[in-house]
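Please model the complete structure; the sequences and the hints are all you need to start from.
Chain residues, written in single-letter form:
4 protein chains.
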Amino acid sequence: TIQQLFKEIFKASLELQEDDHRKALLVSRKKKPEDTIIDINGEKIGDGNPHFIMGPCAVESYEQVAAVAEAVKKQGLKILRGGAFKPRTSPYDFQGLGLEGLKILKRVADEYDLAVISEIVNPADVYKAVDYVDIIQIGARNMQNFELLKAAGSVDKPVLLKRGMSATISEFINAAEYIISRSNANIMLCERGIRTYEKATRNTLDISAVPILKQETHLPVMVDVTHSTGRRDLLLPAAKAALAIGADGVMAEVHPDPAVALSDSAQQMDIDMFNDFMKELTK
Amino acid sequence: TIQQLFKEIFKASLELQEDDHRKALLVSRKKKPEDTIIDINGEKIGDGNPHFIMGPCAVESYEQVAAVAEAVKKQGLKILRGGAFKPRTSPYDFQGLGLEGLKILKRVADEYDLAVISEIVNPADVYKAVDYVDIIQIGARNMQNFELLKAAGSVDKPVLLKRGMSATISEFINAAEYIISRSNANIMLCERGIRTYEKATRNTLDISAVPILKQETHLPVMVDVTHSTGRRDLLLPAAKAALAIGADGVMAEVHPDPAVALSDSAQQMDIDMFNDFMKELTK
Amino acid sequence: TIQQLFKEIFKASLELQEDDHRKALLVSRKKKPEDTIIDINGEKIGDGNPHFIMGPCAVESYEQVAAVAEAVKKQGLKILRGGAFKPRTSPYDFQGLGLEGLKILKRVADEYDLAVISEIVNPADVYKAVDYVDIIQIGARNMQNFELLKAAGSVDKPVLLKRGMSATISEFINAAEYIISRSNANIMLCERGIRTYEKATRNTLDISAVPILKQETHLPVMVDVTHSTGRRDLLLPAAKAALAIGADGVMAEVHPDPAVALSDSAQQMDIDMFNDFMKELTK
Amino acid sequence: TIQQLFKEIFKASLELQEDDHRKALLVSRKKKPEDTIIDINGEKIGDGNPHFIMGPCAVESYEQVAAVAEAVKKQGLKILRGGAFKPRTSPYDFQGLGLEGLKILKRVADEYDLAVISEIVNPADVYKAVDYVDIIQIGARNMQNFELLKAAGSVDKPVLLKRGMSATISEFINAAEYIISRSNANIMLCERGIRTYEKATRNTLDISAVPILKQETHLPVMVDVTHSTGRRDLLLPAAKAALAIGADGVMAEVHPDPAVALSDSAQQMDIDMFNDFMKELTK
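Chains as they are written, first to last, in the numbering used here: chain A, 93 to 375; chain B, 93 to 375; chain C, 93 to 375; chain D, 93 to 375.
These are calculated hints, taken from the structure and not from any lab test.
Hints should not be assumed to be uniformly reliable.
It does not matter which identical chain is used: a pair holds within one copy or between any two.
Stated by the list, open to error - In silico lysine-lysine, DSSO-like type, Cα no more than 27 Å apart, as pairs:
1) Lys122 - Lys220
2) Lys291 - Lys123
3) Lys170 - Lys136
4) Lys291 - Lys136
5) Lys198 - Lys332
6) Lys371 - Lys124
7) Lys242 - Lys220
8) Lys242 - Lys371
9) Lys122 - Lys291
10) Lys332 - Lys122
11) Lys291 - Lys124
12) Lys332 - Lys249
13) Lys123 - Lys220
14) Lys291 - Lys371
15) Lys198 - Lys249
16) Lys136 - Lys165
17) Lys291 - Lys195
18) Lys195 - Lys242
19) Lys291 - Lys332
Have a look at this one:
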C-alpha cells in the first residue's frame, strides 16, 4: 500500500537525517573512528586501561592537599584533583580559595610530580588557569555556560567536561562540540549523575550513558562516583560498575579528615578508605 | 512517652532551623515583609497588576525588532524583550548578533520609548550591557553561573532571573540571593518550566512555584509562557493560569513572521496572534 | 534538492501517522468533536461551568462523613468524595474501611441527596461498588492497572480516572481508551500532579495537561488540587489556575478536623477553610 | 548553646525514628541480617553467584517458547521467562495469550526441565497461576497494585517484584513488605530502570539501587537489562555493570526471531546474540 511505502520512506529519511547530523559533529565517532587518547603526566586516558583522578573536594590548605597528594602518589596515580573555585548553592557557603587555591595545587603538584585538575568557572579565568593546572574542569552547573566552553576551547590544555545536572546525552555531546569547534580536541567527558525524583542518592548515576557516549563519540569517558551517589558507602560499588561497563576511569574525592571538610563532608573518603578503594579496584 | 516528647522536640527544632535559614536570606519575606516593586519605564512590576514583557526570541534586524516594537507600543506596553546573545545547544546554531543586537535594541527602544530587556551570558559583558538595556536577563542555563550572578549583583540595573531547567525552588531563591548579596535588590524571578519526563510540552510549567515564590520572597514573579510550554496553542491558556495564580506578569515571544525566525520558530506568536492574546488577557 | 524533498515527505508522513492513530481512538476529539457531558445528580460535568467534588480523604465514620456532607450540601454542591479502599505505601498504614466505608457513604448520600465517588482498587470489587457509588474513581497508582480499567469499562457507571504518578499524557489517554473500548464512555480525566525532582510540593501540578487533554479528547478534565500540591496553602491558588486554564472542575479534600485525620492530615481543609475556598472560587 | 543542643537532639531523634521504622519492616536487614536465598529448580538465587532469567517477552506459540527453552537449557540455565498476560499501553496492542500462554509455558517447562516465571496482573489469577508457574512476576506498572501484592503474599510461591516506573527505593521496599506481611517471604526484587527526562534509553537504569537494596533488605536483587535500557546494544554492558555492582542476577529477553516478535521487537536478543551474551558474562 502507499501508506506502507510512506512509512518506509519516513524511517529511511529519519535515519538519514540523524546520521547526517552526527557525522557532522567533530566529536562523533563517525568523524573519527579511533579513540582519542589524552596523555597527562604519563596517564594515557582512553587507552583501554582504568585511570583514577582523586583528591579533595576543595583546596583548603597546603597541608591538606599535600596529605592527599602523598597518598595518591603512593598508590602510583598521576593526577590530583582539588577545587579552588567552588560553585555553591548559597552565596554564604565557602566559595573556595580562588587563585590562592590554584597556587597551592601547583606547589603540591610540583613537589609530588603529579598533574592537577581544577574547576574553572569564569571565562576570564581560563587564560590564567593554564599556568597552574594540567586539566581544566568544567562543572555540571556550567555544562551549558557556552562562554566558558568557548574559552576552554581556545586554549591548549585538556578539558574535563562534566554532564549537566539535567542534560540529555545529546546536549552533553553538543557541549563538547563547543570546545572542539574552537580547536581544542583534548576533551574528557564525565558522567556525574542526573537529577531525578529519587532522593536515596544525591543524583542518579546514569550508568548507561557511558557505553552510549563511547559509541557516539571518540572521547574518553570518566565517571565521578562521588557526586553521582553522594554517599560514601556507594563509592566502591559504583566504581566497580563504571569500570565494568567500560568507563575509562573514575573520579572520587579524598580528604585527610572528611569530618572537618569545608564542603561535601558526608561523601569524601579518608586516606585509609581511599587505600582500600584502590586495592579493591585494582586487584 | 519519652519517644513522643522526642518527636515534638524534633519537629520544633526542625521548624526553628528552617525558619532561621529563611530569615537570614535578604530576598526572603521574613527579612522584608512588603512586596518589592520595580519601576521600569512606568511599569510598576510587583504592584498587584499584571505586566507584560513581549518581543522576539532573537534580535535579527532593525526592521524585525521595530515591527514588534510598534505592535507592543500600540498595546500600551512599556517593555520589549529581544535576545542578542543566544545560548544555543549546538555551536552551529545561530548565536545571536551580540553587541550589534544590543545596539539595535537600544535604537528601537529610543525611537518607541520602550524599555528593553536582553539576556547577558558572560560576566564581562554585564558592565557594557548597562549602557544598552533597562533590564538584564539571566537565562535558565545560567541560573547557577555564579560569576554571572555576582556581576549582575554589582551593577545598578534591574535583573530578571530565570529558573534553571532543573533547579529546585530553594536553589532558585539562593541564586537570587547571590545577586542581592552584592547589593542589587531589583530582582524579578521568572518561572519558565522545568525538565520532566513529559514531552508533550517543551518543559513542564511548574505553576505552583508562583505562589510559593511569592510567599517565600518579596520579589515580583513572572511566568515565561513561551519556554515553559514550547507550543503556540498553549500560550494563552498558560498566561491565564499564571495570572490567576498570582503571577506579577507574563513573558512571551512575538515575531513579525515566525515561520522564518532564526530560532524558536514553532513557538513565537505573530502580530495578529499577539493582539488577540493581549485582548483576551486584558478583557 | 532530493534531501529537502525527503524531509518534506518525512514530515508529511509523520503527521499522517500521528493523525491516524489519534483518529482511531474512541476518546479522541477527532472521533467525536463535541464535548462529552456527564450528568451526575444534576451536575453536568463538561458543560463549560466549574464543578466541585469535595469530601474527606478517607471515610472514617458516619459522623465524620455526615459533617462534611452537610457543609458540601450548604454550598449547593451535589457530589461528595470519600475513600473506602485506601492504597497506602506501607501495609501498616490505615487501609480504609472497605465495604463498610462504601455503606457509610451510601447512607450519607441518601440522607443528604448527594452523589458519591469512591476509589475502587480491585477489579472484583467494581461489580459490587456500582450498588453504592455514583462514580467509580480509579486512582493514580492504578492508572495502568489494565484489569481494573477493563472492569470499569464493563459497567454502566461514570468513571473518574486519575493520571498516573509518572504517566505521559499519551499513556493517560490510552488508559481512558481501555475503559471506553469496553463500551463505558462516561469518563472524566483528572490531572493530579506528576512526580518530578521538585519536592516543595508533593507532586508537580502539570497545569498544561488540562488544555492538551481538552484538545486531544472530548472528555471532561478535572484537577485534584489536594494531591497535586500536598499543601493546604496552595489549594486555593491552584484551583484558580485550574479553572482559568479551562478545567471542568476541581477536586479537593475536606475533613471536619484535619489534625486527627487518619490520612493526609497535612493537606485537608477544615469546614471553615472549605467555605472560604468556595466563596473565593465562585465570586 | 541551647540551639546547638537542640540540633543534636534533633539529629539523634531523626536517626532513631528512621532506624525504628526500618527495623520494623520484615524485609529489612535489621530484622534478619542473613541473606535470603531462594532455591528454584536448583538455582540458589541470593547465594552470591550470578543467576540468569531469560526468555521471550511474550509467549506467542509453543514452537517459539520451545526454541528459546532449548537455547536456555544448552547454556545450563534453569529458569525461563515468558509473558502470558501482557500489560500494554494501548488496548489495541497484543495483550498476550493469557491462560493459554501459561499452559504453553508449563508444557515447555516440563519437557525441558526448566522452572518458569510469568507475570500475573489480576489478583484473581494468582491462585490459578500457582499451578503453572514457579515464580510469580509482578510488573512495574503493578508495583503499587496492593491487591495484587496481597494476593501474591498469600500463596506459597516465590515472587519477583519489579520496581515501579517512578517508585522510590523506599516505596519499592514497602511494596515488598506488603507481600512478606501476608507471610510469603520468598521475594526477589528487580531493578528495571526508572522514568527520567533522558530519552536515549527507554528508562534510566538506576544501578545504585542495587547496593542500596542489598544493604536495606535481606532479599535477592536482580536487574532487568532489557526494560531498563530498551536497546539491544546496551544489554551486555548493562549486565556487566549489574553483576559488578553486586546484583544477584540478570533478566533479559530472548526471541528466536525478534524482528517478527509481537512485542518489544527492538530490544530482544536472538539466539546467537544470547549465546554470545552468556559467553561474555560467564568467562
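Each hint tested on the structure:
1. In the homo-oligomer, the alpha carbons of Lys122 and Lys220 never lie at most 27 Å apart, since the shortest distance is 35 Å inside one protomer and 42 Å across protomers.
2. Taking the shortest alpha-carbon separations for Lys291 and Lys123, only the inter-copy value of 24 Å comes in at or below 27 Å, while the best intra-copy value is 39 Å.
3. With identical chains, the CA atoms of Lys170 and Lys136 are at most 27 Å apart within one copy only, with a shortest distance of 10 Å there and 43 Å across copies.
4. Taking the shortest alpha-carbon separations for Lys291 and Lys136, neither the intra-copy value of 36 Å nor the inter-copy value of 32 Å comes in at or below 27 Å.
5. Taking identical chains as interchangeable, the C-alpha atoms of Lys198 and Lys332 are never at most 27 Å apart, the minima being 31 Å within one chain and 39 Å between chains.
6. For a Cα distance limit of 27 Å, the shortest separation of Lys371 from Lys124 qualifies neither inside one copy, at 35 Å, nor across copies, at 30 Å.
7. In the homo-oligomer, the alpha carbons of Lys242 and Lys220 lie at most 27 Å apart both inside one protomer (15 Å) and across protomers (20 Å), since each shortest distance falls under that limit.
8. Neither within a single protomer nor between protomers do Lys242 and Lys371 lie at most 27 Å apart by alpha-carbon distance, with minima of 39 Å and 43 Å respectively.
9. For the identical chains of this complex, Lys122 and Lys291 are inter-copy neighbours only, at 21 Å across copies versus 37 Å inside a copy, given an alpha-carbon limit of 27 Å.
10. When the C-alpha separation of Lys332 and Lys122 is checked against a cutoff of 27 Å, the pair qualifies only between copies, where the shortest distance is 26 Å, while the shortest distance within a copy is 29 Å.
11. For a Cα distance limit of 27 Å, the shortest separation of Lys291 from Lys124 across copies, 25 Å, qualifies, whereas the shortest one inside one copy, 39 Å, does not.
12. Neither within a single protomer nor between protomers do Lys332 and Lys249 lie at most 27 Å apart by alpha-carbon distance, with minima of 29 Å and 34 Å respectively.
13. In this homomeric assembly, Lys123 and Lys220 never come within 27 Å of each other (Cα to Cα): the closest approach is 32 Å inside a single copy and 39 Å across copies.
14. With identical chains, the CA atoms of Lys291 and Lys371 are never at most 27 Å apart, being 30 Å at best within one copy and 36 Å at best between copies.
15. Taking CA atoms no more than 27 Å apart as the test, Lys198 paired with Lys249 passes inside one copy only; the shortest distance there is 15 Å, against 39 Å between copies.
16. Taking identical chains as interchangeable, the C-alpha atoms of Lys136 and Lys165 lie at most 27 Å apart only when both belong to the same chain, with a minimum of 17 Å there against 43 Å between chains.
17. In the homo-oligomer, the alpha carbons of Lys291 and Lys195 never lie at most 27 Å apart, since the shortest distance is 37 Å inside one protomer and 40 Å across protomers.
18. In the homo-oligomer, the alpha carbons of Lys195 and Lys242 lie at most 27 Å apart both inside one protomer (24 Å) and across protomers (23 Å), since each shortest distance falls under that limit.
19. Taking CA atoms no more than 27 Å apart as the test, Lys291 paired with Lys332 passes in both settings, with 22 Å inside one copy and 25 Å between copies.
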